[in-house]
Amino acid sequence: MSSPTLRRPRPGALLLLLLALALLSLVAVLAADAAGGDNLVLMDAGPVARLGAPIAATLADLAGALTLGGAVVAGWLLREEADRTRALAVVAGAAAVTTLARGASLAFSYAIATGQPVGSPRFGSDLAVFLATDLGVWLLTALVAAAATTTVALLGTSQGLARAVAVLAGVVAFAAAMTGHAAGDQTHEVGTSTMLVHLLAVGIWVGGLAVLQILPRGRRDDLRVLRGYSHLALICWIALAASGVWAIAVRMNGPADILTSPYVQIGLGKAVLLLALGGLGALQRRQLATGFTASDDGRRARATYRRLALLELALMGLAVALAAAMSSSPPPTDAGTPPPGAAGILTGYPLPPAPDLGTVLTQWRPDPFGMALACVLVLAWWRPTAPERPRRDSAMLVVGAALLVLLTSGPLNVYGKVLISAHVLQHLLLLVPAGVLIGAAMPVPSRLRALVGGRWWAAALLALAGPALLVLAYIGPFLRVSLDGHAAHLALQMLSLGGGALTALAVRTVAGGGRRAVVAGLPLLLGVAAGMVLLVTDDLMAASWFGATGRDWGATALDDQHLTGVLVLVVACATALASAVVALAGRRRAPRA
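Numbering (the numbering used here), first residue to last: 928 to 1520.
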C-alpha cells in the first residue's frame, strides 16, 4: 500500500484559520459587552469606542503574540538564514499590526475615559491630560515600543537582531500587563505580575507555533528546532497554568463565585482548554520521539504532528476569544477600600507586626514575577540542548534562583515597604549574593569578552555599572517612584539582580588574580562608601514614604536609615571575606607548574 501524500498547510488555509479566530474573539467581545450593558458609566463614549476598545486590544494581543513568539523562534531556535528571513518577515508584519492596534486601543481608551465619542468636536482636546495618567502612560509606552519593534524587525535577519526584536516585544507585553484589571488594591501587584507572565507565555507559545507553520516543509520538520520549541511550549504551559489559577484565586470572594460570577466561569473554560492543549502537547512530544524518519512510520508521524499543531492553534484561538470576553467582564472581588492606617493607604497592605524572630519568619508575600524568573533560569539551564556543565556551576545557579525567590517573596518583601533597612537589604542581597552567584554560573558571552578585550579598566567599569546605577536610583527620584508603582518596583529588583550578574561576568573576563581582585574590589569600595554615607547622613530617603508609614513600633525612620548603613558595611565586608576565601581555595586547587 502506498504511503499517504503529505501536503503542507496552504497559506490560504492558515489565513482562514486566523480570520476565524478573530471572528471568535469578536463574538466573545460582543457577548461580554451585551452582558455588561447595565454597568454605570458617567458619560457614554458611543458604540464605536465601547466595542472598538476590546476588539483593538484583542487584535493587539494576537499580533503581539505572533511578534514575540516568532522573534524567540528566530533568535534562539532557527539557524538557517533563509528560515530567519521568512520568520522575521512575518514578525515585522505582525509588529506593524500590533502598532496600529495599540494606537487604536489608545484612542478608544481615551474616548471611554473622557466620555467623548470618536470623531466628536471635542475629541482629543484633553489628550495630554489622559496621557499623564497611569493608564495613558502605559498605553503610550506600548505604542512606542511596538513601533520600535516594527522598525528593528525591518533592519535585518541576523540572530542578534531577532533577539533584540524579542526583547522589544517583551517590553510591549510588559506595558500591556500594567494596564490589566487590578489596580489600587491588595491584588494589584499579584494581578500585574501574573498578567505579565501570562502574556509572555502566550506570546512565546502561540506565536512560536504559528511561525513554525510557515517554514518550508524540510525546515518545519527539523527535529532539533521542534524539540527546542517543545521544551519552550512545556515551560509556557506550566507558566500559564500557574499564573492563571493564581490570578483568578486572588480575585475570588469564595468558591460560590464559580456558580455566580461569569468572570470565574470564563476562567474555568480557559482552564479546560489549557488541559486540552496540554494533552495535545503530550501527543506531539510522542510524535517527536519517533524521530521523523524517512520510513512510512516517520512520514505518518510528521503528518500527525502537523495536524496536531493546527488543532492546537485553533484551541489557542478559542482561549484568546475567552480571554477577550474575560477582560470585558468584572471580577467578583471589588476594589474595596485600602487597609486602615497610613501604611494601608501608602502600600495597599496592612502594617506588618513588629519584627522579631517569631513574627519575621511567618511574614510572606509571594511574588509571581520572582518565582517565574527563577523557574525560567532553572529550566533554561537544564534545557534539552544544554551542554554539560560542572556541578559547581549548577549548584551556584540553583542557590541563586532559590535566593531570588526567598528575597522577592519572603519577609524582606513584606517589611521592605515600611522599613528602609529591609528595602535596601533586599536589593543589596539581590545584587550579592543572588546576582553574583547566577553570573558566576553562566558562561561568559563572547561579545562581552570581546568588549572588554582583556583591559582591566573596561572590566572594572562594567563591574561598577550595576552597583552605581542602584546607588543613583536610591539617591534620585526613582526610589519614590518604585515604592508607589509596581513596574518601577520590579525594574529596581531586576537592576539589582542583573547588576550582580554583570559584575560577576565582568570579573571573570580579566586574567590574573591581582587584576581580578582590583575589579572585584571596586564595587565593594562603592558599597563601603554608600554605607558610610547612610550611617552619618541626616537626610531621610523617600521621606514622604518611609517617614509617613505610621509605624508604632521600632526605631524612627532616620535611625532605621542609620542602621541600614551598618547593614551595608556588614554585607560589603562579608562579601570581601568570602571572595578572599574562594580565591585562596582556588589557588590551592590549581596545579603547580
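It is worth saying that the hints were derived from the structure and are not from the lab. Don't take every hint at face value.
[As the list claims (entries may be wrong)] Cβ-Cβ distance ranges computed for the label pairs, FRET-style:
#1 Arg1374 x Val1463: 36 to 46 Å
#2 Leu1058 x Gly1285: 45 to 55 Å
#3 Arg1227 x Gly1439: 16 to 26 Å
#4 Ala1241 x Leu1306: 25 to 35 Å
All of these numbers come straight from a predicted model, not from anything done at the bench. The beta carbon of each residue, even a glycine, is placed where N, CA and C say it ideally should be.
For each hint, the structure was consulted:
no., hint, result
1, Arg1374 x Val1463: 36 to 46 Å, "holds, 41 Å"
2, Leu1058 x Gly1285: 45 to 55 Å, "holds, 48 Å"
3, Arg1227 x Gly1439: 16 to 26 Å, "violated, 60 Å"
4, Ala1241 x Leu1306: 25 to 35 Å, "holds, 27 Å"
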